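**Student:** The chain contents come next:
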Amino acid sequence: MKNCIRLASAYVRYYKKQTLALLMGVVLSASILTGIGSLLDSGRAAALENAKVKYGDWHYELRYDDSWSSEFQNQMSGKGYRIDKDGFLTIRKVIEEPYQIELAYADQNYLDMMGRELTEGHYPGQKNEVAMDAYTLRNLEIPEKLGSRVELDGETFTLCGIVSDMPEMNRMQVFVNQELDYGKNGTYLYVKFDESQKTYKQAGAFIRQMGIRDEDYICSNASVIKFLGGDAKANPFKVIKEGITLEGTGLPYIWGSLNNDWNLTDKAILAALGLFGAFIMYSLFQVSIIKRMSQYSIMQTVGMEDKATFGVLFAELFMIFLAGYPIGCMLGNGAAALLYRRIGQIFIPPESSRVHTGIENMSELPTLPTVDTFHVSWNVMGGGAAFLFLFLIVTTVLLVRRMKKITARELMAKETGRKKSRKIYSAKTGNLTGVLTKKFMFARKGAFVGILFSLSAGSLIFLGTTYITQTTRTHNELSFKADDGLASDIQVYEESDELKDTIPASSVTQLEKIEALESVSPVRYMLGEIPFPDGTFQWTEYYPEIDRRGDEKPDQVLMEKYNGVAVQTGKDDYLLKVNIYGYDDEMLEALNDYLLEGEIRPDMMRKENSVIFKTLMDGQGNYNGFDLSIGDQIQVKTPDHVNIDVQDSPEILRFQAAEDQYEVKKFKVAALTSRPMGKVDTFIGDNENIQGRVDIIMTNEQMKENFGVDGYQTISISLKEGVDATAASKEIKKVVSGIPKCIVKDFTSQIEVQNSYLNRKMIFFYGVALIIFIISLLHIMNSMQYLVMARKHEFGIMRAMGITDAGFRKMLVKEGLRYGIYSSLVMVAAYLILQKFLYYFVTHMLLYLHPNASLSLLPILAMAGINILICIAAVLISGQSVLKQQIIEEIQE
Amino acid sequence: MKVLEVMNVDKTYGSRENKVHALKDVSFNVELGEFSAIVGASGSGKSTLLNLIGGLDIPTKGKIVIRDHDIAKLTRKELTIFRRRNIGFVFQNYSLMPVLNVYDNTALPVTFDQGKYVDHAYIKELLKELGLWEKRRSYPSELSGGQQQRVALARALANKPALILADEPTGNLDSRTTIEVMGLLKASCKKYNQTILMVTHNEAIAQTCDRIIRIEDGRLYDGEREFYAKGGEVR
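Protein chains in written order, with the UniProt record's numbering: chain A, 1 to 893; chain B, 1 to 235.
Just so you know, not all the hints are guaranteed correct.
[Said to hold, decoys possible] Below, a list of computed lysine to any residue pairs in the SDA-like style, where the Cα atoms sit at most 25 Å apart: (1) A:500 <-> A:640; (2) B:61 <-> B:14; (3) A:438 <-> B:138; (4) A:17 <-> B:14; (5) A:445 <-> B:99; (6) A:405 <-> B:140; (7) A:423 <-> A:405; (8) A:792 <-> B:99; (9) A:810 <-> B:14; (10) A:810 <-> B:117; (11) A:439 <-> A:872; (12) A:405 <-> A:443; (13) A:438 <-> B:217; (14) A:704 <-> A:632; (15) A:423 <-> B:135.
Keep in mind that the hints were calculated from the coordinates and are not lab data.
Since this is a predicted model, take the numbers as computed values, not measurements.
Chain B on its own, in the form it takes in the complex (with noise of 0.2 Å):
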């Protein structure tokens, strides 16, 4: 079942002479609970697709559909919502609210859906199966970066999203952290059955992805879904 399809996607920034073509027709499709990594090399265009997919910014042509929802169809409210309900974000520098503890940042877009209960339940889970329940009332500050990038991803996880989108989650961890994370990502990715979308310019990284789609210079590699084996090698 596919739960997002990038279609003929182009994205520009500036005008004229300072135009910049950040995506050029860019196609594919994600199929529920896949586990993906879009690759590529600083300025490639991954960040950009990634925030497009997310709704956080525009696409200039094309059209993106999550969970059969063109996204450009919807209003900014309607938007909004549907992120809400739909997306889990996780970023490179975790982006977690300074002011507020471990259990309040995790719970902080489920409070957004006014009148929805808040599954405290479901959060006292996600923070014991994600090592942090000992720490839930510690501020972020007060936390390791991947204990930091943990509160991201309990976040990003809290909506019961059916697409998490990570931007560069393990960029700013050291090698152990980053097995870490990965783990915990996959380990969600299975438990309930999401769907995963992540950036990453680390190909090892990416290589214990179900799939990797890999960008240059904003074009899909060759066209062409690639998948790759464990090894690194091109099937």
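Okay, chain A solo, but in the shape it has when bound (with noise of 0.2 Å):
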């Protein structure tokens, strides 16, 4: 072992140009794939705290006045699980006007899970004080002041304290004294369990061991939880079964499970990075071992063993390996430090899931995650080192049976009995360097292929990461617009399920007549209902309301309110509850970015009473739900909203009410696209992340001429350019003040955030594949050495001959295009399949809306460009010492 690792230092040394060539390897490898894992950890970890700060630091709430409750504090920690912390809430009373507002009284626990600081003042210690917070004072047009009178449902209130908002601004909370007390409370519990163990457990020891039967009265942090194992994970195996045989599943339904409970996506990151870099110390040991193949062949003449070869050549790649992958680490880590500190938020993975509350409200802009502190991926960094470990040990084996197979071939007459083309090419061609340059590429075909697959990975990799950024900028485009109302700086929206409950087009024009806006456009609503019979819906297992299976359960409110999305009239008979808008016509044009079938023309609309139809889309992206074409009639029914209040009678919205409160049209379907532009979430809600919904878009005219609809649920406003948006969103709350439950919202700051967000990720992905290019370009460089050295003799005789450095340079120049061409064509064909499979991934998959199925033709022309060039560069740099060197010497070799 000792003359092993004797030699193999030797070799260390005496190699120099090689062992710094896979040292710099290693240490790129290993830096990219530690600094990548640990900017992915520090991401969830932020995630997890970010969560925290947004939906509370609590995992489960539960409703606490069942028989349970009482034994409660004495089980603080039991078999299986720990409880950190409790907090109560017990709600006094609901009142529904102005808005939906709380009435609660909160315990120092509860408000400290929920975030929510006393920022001035106290909390209410007299029956006849309130406390609330900035965002319920706004909208209650109350001066945050303390003292200040606040009227709720007939009452009077002084303010004695003022709260930090509720992170998720979707709830009013107004906190009351203790004693204050109505008779009808509602007091619920939240819990965080201990975060070293999974809560899942946690939480199903806890509910054994209190006897809680009714599971329904759990709600889970979601958003929390899912960071915390809160979730039992799939059986691996069942679900690939599951994907296999189960009609309608397959690879989508496989990665959308996996990746959920196992986090496929960033390990499938890692492992990608792993093997890249596998594959590249792999490469350039291999050549780096060629070159001195003689040597171990003569050592092995000798009667060196293949143990011994084995223990001289592992001892060597070791001790690079040694030296490379700590310094890998820390110099990945460290940028991945610098990098975190700048742009961290692009790592913090996006939210996909929210707290169960029922009907979303009016959709929000997601605000920038906080970075938290860079995490060091311990894990990441063993894993790798693990890996590329046993790697080491594969890469030798496979070297010396390379080797004594070389060996043994060299011994044996040098015939491989392979067909030689007995063509006299001097016979044809004046010029045999062509030949032979054709010749040396072809004559091991391995090589060759090997060095044409390293020479395209360079570029498929950048290409693949071109393709994904831009589907992604153009999805995030997309539905930027479609999910949070066109992109809007400023959004006016109606708060009320109550359809009368508008804002009228007198305001609209005055909003229209305000210096600062660049764009109003106005948005009608009606609910509606329509039939689909005989199968012509064909998802029936999309509304857990009429799923048979029974897998998930319906959303509570959803059926209180509106009998559910969806009813099962008969055995393939169905009616769906569907939002109707009426749209101006730029957002109609603007809808054809959406456009799935059809033709949107507003004027052929209006002429027809035509209508487009917004269709479903499934976990894997596919939009087939219904059995409806183009041309196709549909009948839509929407409640006699003129004459009657919800209030008074709730089943209207359930369209249970007497048929002669609802009316029944008739319209052509024009056009089917996959998602609205502007909408509205207070009634049956529009939110694609949780179940999608129909929607029926047509003309604003049409809304009217067909329901009677005048004014509008939403506005969404863009503002001109450099405009202050505080002053505009003053001005527009002006006009629209005197009605009732209008909200006004301003996006512009987190517009402006999310777009630097977006751009700072196409940045970091650039970043990446050119890191990675960069790599390759090492490999390249060194193939293509290793190429030139291979013939160092037969380049020592033509010069011999009379080749003169230029007609060598432009020998060796036709041979780096013939590389540079032949690996464009293996880039381009790879490039090719690797298209379909990310075209797949995103539109199944990520469910990226209307993702381009290819690339521009720029970034491959430019790709293959570049790769001729690098060639080009590659073999005349290599080919420069063969120059240098004496024409004897090189004949001598």
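Can you join these two chains into the complex? Each is in its own frame, and there are hints to help.
**Tutor:** Written out as structure tokens, the structure is:
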């Protein structure tokens, strides 16, 4: 063993260039692997912290008025669980006017868990005192000043304290004194388990211990517990089996399920980086070994056994790995820490689920998450080291086997029996250098293929990244517009479930006159119901209320208020609640970005009274839930919103009132789209992230003609460039101040932050691709150098025979050009396959909106050009060393 | 007529304590059509001398003139072209291009001269003369040592050079093939009126040449031209 190490260290010192190339390969591979690993880990840790800030630092919420409640305080820990914190909230009363507001008493633990700090004053000590947050105060138009008069449900209170806003501003809470009691109390317990153990298991143990029977009373803080093992992991074998056997599942289902539970995306990124690093290391080392194969042959001839060869090779590799890996880890983590400090937000996973609150409120633009401290991922570092260590062993075994084969072959007759061309080339061409170049390239087909693969690998990764980046950008822009209300700077909307509560057209006219506004896009709204008889609605498992499997429970609020979104009326007959929108022509034109089928022509729609059908999307990005074609007729039932108050007859929204309280209209379908533009969430909701809704979209004129709707539910407003958003907001507020339940929300700062976030994310993607490209470049240079060195003898002969330096370089350029062209062809062919996979991935797994099926030609051509240039440069640089050497030395090699 | 003049040539390798004098003050001339052998023990400097004459290496001191061209004064490019057109090489290890067949190996130096017409009739004649015509489509690895050396000779003759430099052309061959190759060298020398300078350490082979130049420790033996009789005795 000592001898092996001695020999290996002699090689390491003697072949400095190769050692350095390999060391660089190890350092770069380790740095990119561990750096990104730490960034991903830090991102996840920050996401958890952000979720806690946003949704509260609790795991589960339980109704605290069951038989087990009295025992709770004695059972803070038990077999399989430990409660770290508990807080109580008692709802004293909920008022509906002017908004839905909870009057509640909360203990200090609840306030701490929710992050609701008292910023001014004190908690209510008297029955007539209240504490409120700024958001509620603003909406009730009460001055943010202690001592202000607060009138709620006919009672008068004094503002004694101001608390920080609820992180998720979707509930209005007013804190009251403990003594204030209306006799209708509902107490809720909020618990936080020990976070070092999986919360799901602890919750199960707690439920068993306490004998809690009705689990419906338990609500989870999904956004927080998903980071803490809050859900039972699906059995991967079962998931794969289901994906293969169940119709309509397939790869997207497998990926989606496993990704949810096992965080596959991060793992796939790390695995790809690890494999890439391993490939580079193998390739660099094999080139280094092949260069001195003859020495090993001699040593084997004089009696060195395979065991010893393995020992020498492994010792050499391991020495370089031992030096390079820690340096790579330090460099990678150092760079990652710096990067994280600057653009850490892009590594924080986006939110995919929210706290279950029934109907979502008006959609909100996500605010940028806060960057937490940088976490070094010891797991990735350890895992990477273990993987690469195993890889070193495999590499060494492979090389020893290869060496054995080559040595044996060399000892045998040189002929391998391969058929050679008997053509006399000089009879046809006066230039044999071209022939030589070709022959050199194809002499070793294995090496040729390997080089082509590595040459195209870097550019392939770059193209793949560009495709993902471009589709991500398009998707972000489209979903931003569709999901977040036309990406509008300011939104004005009615927070009411009374259909007749609308923003009058006159207010829109007034808004249009405001100088600072670039565009005002008003949306009319109506709730409707459409029958889908005889199996025309095919995704019966889409809505839990009609899903026969009963895997998921329907939303209670939706069920109570609207009788669910879907209702089964016969074996294959269903009724679906739909949102009906009226858009202006500009918005309808913009809908073309989301067009699936048909045509969007506002004039034709008005003329034919045709509509746009926004269809459903499944979890795999498919849109074929309905047997519906362009030109088909749909029948829409709408409630009489003029004469009937929802408060007086709530059954009207359930579509269970007398038939004379509804109107039925028929429309022709002009187009199918994947998303709406401006939307209304206050009724049955319209959030793609939960369960999609069917929307019927028409012109604002049709809304008036068909349903008599002339007011607006929501208005999306864009500001002129450089305009003061706060001032514009105030002006808008002035216009709509008299309209009940009308809310003005300013999104400008969030949009700005969001845009810069996206840009940083794109820059990071390209940065990673660039580093990978640089690593490939190192590999290309090394491979080319090997190619040239391997032919030194032949080049020496050619020089002795009289090829000039210029002629020699010309020959190398031709070779580089050929490698460039061939590798570009391989790159394009491989990219076409990769693109198909990526397209499938972004369409069915990431559920991107309207991704391009292919990348534009420019980046592909640019990459091919760069490839060719790199190949030429690499061959020329390597060839320069041939010209520097004495001809006679080359001939003698 | 003088084809080659070697004047006071020195060649040293390395520096300081590692300095090696490969050639010291070597001078001699070679006439047109002469078949000369350079003889000496291993390490005496004979191959170094041949490489300097061929322009494959540069003398530390002195002058080498071939066909009235001082090769030291030629630029790198001029030297390459001059070598291609005036000097043919035959190496001990044949140094053929393994990826080219016999015909293309022979024609290779001609093709380096862009626009130069490849005289296929001449190459055919050469290959027939050297008994390689039937093997013209064969690759070096498919030939015997003697056949490979004949290909190397054909290649050296392809450009009709004035001077052929052969470095131990029979070093790797058995005695029968050695006689055969020597016969070919002599025949081509006569037929094309070429000058041949051949390095060998084999006294017997050297004695078949017109003239023998002996080198010992980097110096010409006695510093004079020495002619041996066919029988090997000093005249």
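**Student:** Each hint needs a verdict: does it hold in this structure or not?
**Tutor:** Hint-by-hint comparison with the structure:
| no. | hint | result |
| --- | --- | --- |
| 1 | A:500 <-> A:640 | 10 Å, holds |
| 2 | B:61 <-> B:14 | 15 Å, holds |
| 3 | A:438 <-> B:138 | 18 Å, holds |
| 4 | A:17 <-> B:14 | 23 Å, holds |
| 5 | A:445 <-> B:99 | 14 Å, holds |
| 6 | A:405 <-> B:140 | 23 Å, holds |
| 7 | A:423 <-> A:405 | 30 Å, violated |
| 8 | A:792 <-> B:99 | 14 Å, holds |
| 9 | A:810 <-> B:14 | 33 Å, violated |
| 10 | A:810 <-> B:117 | 20 Å, holds |
| 11 | A:439 <-> A:872 | 18 Å, holds |
| 12 | A:405 <-> A:443 | 17 Å, holds |
| 13 | A:438 <-> B:217 | 45 Å, violated |
| 14 | A:704 <-> A:632 | 23 Å, holds |
| 15 | A:423 <-> B:135 | 12 Å, holds |
Hints 7, 9, 13 from the list above are not met by this structure, while the remaining hints are.
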